[in-house]
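A.B. asks: What follows is each chain in one-letter form.
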Amino acid sequence: MALVSPHITASAVAAVEYPDLVRQYRVTGVPKTVVNDRVEILGAVPEASFVSQVLAAAVA
Amino acid sequence: MHAGAGGPVDLEAALTNVAAPVRLVFFTQTFGCETCLPARQVVDRVASLSDQINVEEVNLVLDTGQVEAYGIQRAPAIAVVGEADTGIRFYGVPEGHELVSLVESILLVASGDSGLSDESQALIAAVDQPIDIQVFVTPT
Chain A
1 MALVSPHITA SAVAAVEYPD LVRQYRVTGV PKTVVNDRVE ILGAVPEASF
51 VSQVLAAAVA
Chain B
1001 MHAGAGGPVD LEAALTNVAA PVRLVFFTQT FGCETCLPAR QVVDRVASLS
1051 DQINVEEVNL VLDTGQVEAY GIQRAPAIAV VGEADTGIRF YGVPEGHELV
1101 SLVESILLVA SGDSGLSDES QALIAAVDQP IDIQVFVTPT
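Protein chains in written order, with my numbering: chain A, 1 to 60; chain B, 1001 to 1140.
These are calculated hints, taken from the structure and not from any lab test.
One or more of the hints may lead you astray.
[To be verified] Simulated coverage check for chain B against chain A, where a stretch passes if three residues somewhere in it have a Cβ under 8 angstroms from a Cβ of chain A: (1) 1060-1066; (2) 1075-1089; (3) 1092-1099.
[Claimed, not checked] Here are some chain B residues pointing at chain A (derived, C-beta under 10 angstroms): (4) Ala1013; (5) Leu1015; (6) Leu1037; (7) Gln1041; (8) Leu1108; (9) Ser1114; (10) Ser1120; (11) Gln1129.
Don't be surprised by glycine CBs; every beta carbon is placed ideally from N, CA and C.
Start from the sequences and build out the full structure, keeping to the hints where you can.
C.D. replies: The following block contains the structure:
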């Protein structure tokens, strides 16, 4: 998604190395996706669903 | 590539045809970063497999201009940069699945093709506000 839009950044965070972020975002399982610091997507979801959930975060 | 394919041979095969130059901007810090060295070693190993991949090291503490430009807050971090910055970042040592993801992102950036469906691409292209996506992962 980051590749398609200049407005989107995408980070992969190694959970074990950043315990502070894991606490901050209450990560209890992986993969866990956090969009704009508030919207959470748990687990691996199909592309169309993932895209719509991420885009919904922009207007949330 | 299959998940778990992290051996040198697999990486070499995957990186034989990188379509365009890709820069791995590696953010490090001199003190208090136990994982910076192993992360740099992985980055160097990946870069050694293709003439198209170059590494640029940025010091998180000293090179404030670059750090701000890429919006990086922590080390080790890797920004995957093609013709322009893509906004793709990796935080931590890229091992296991994350190494596979790093290699895949290099190939995506080099090709310029996200691999997403036309529908997804149309939706994403309409985005006009900043969206930050963080995916928490583990190596296994």
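A.B. asks: Taking the hints in turn, state whether each one holds.
C.D. replies: Hints and how they fare:
Under the rule that three or more residues need a Cβ within less than 8 angstroms of chain A, the assignment of the region 1060-1066 of chain B is violated, with 0 such residues. Given as covered by chain A, the region 1075-1089 of chain B passes the check, having 5 residues with a CB less than 8 angstroms from a CB of that chain where 3 are the minimum. Counting residues of the region 1092-1099 of chain B whose C-beta lies closer than 8 angstroms to any C-beta of chain A gives 5; at least three are required, and the coverage claim holds. The beta carbon of B/Ala1013 comes no nearer than 22 angstroms to any beta carbon in chain A, farther than 10 angstroms, and the hint placing it at the interface is violated.
A least Cβ separation of about 18 angstroms between B/Leu1015 and chain A goes past the 10 angstroms threshold, and the interface hint is therefore violated. Taking 10 angstroms as the C-beta cut-off, the interface hint given for B/Leu1037 is violated, the closest approach to chain A being about 13 angstroms. At a threshold of 10 angstroms, the smallest CB-CB gap from B/Gln1041 to chain A is about 15 angstroms, leaving the interface hint violated. Proximity of B/Leu1108 to chain A holds as hinted, the smallest CB-CB distance being about 6 angstroms (cut-off 10 angstroms).
Given hint, B/Ser1114 at the interface with chain A, holds; its Cβ is 4 angstroms from that chain's nearest Cβ, closer than 10 angstroms. Of the supplied interface hints, the one on B/Ser1120 holds, with its beta-carbon coming within about 5 angstroms of a beta-carbon of chain A, less than 10 angstroms. Using the Cβ-Cβ criterion of 10 angstroms, the hint placing B/Gln1129 at the interface with chain A is satisfied: the shortest such distance is roughly 5 angstroms.
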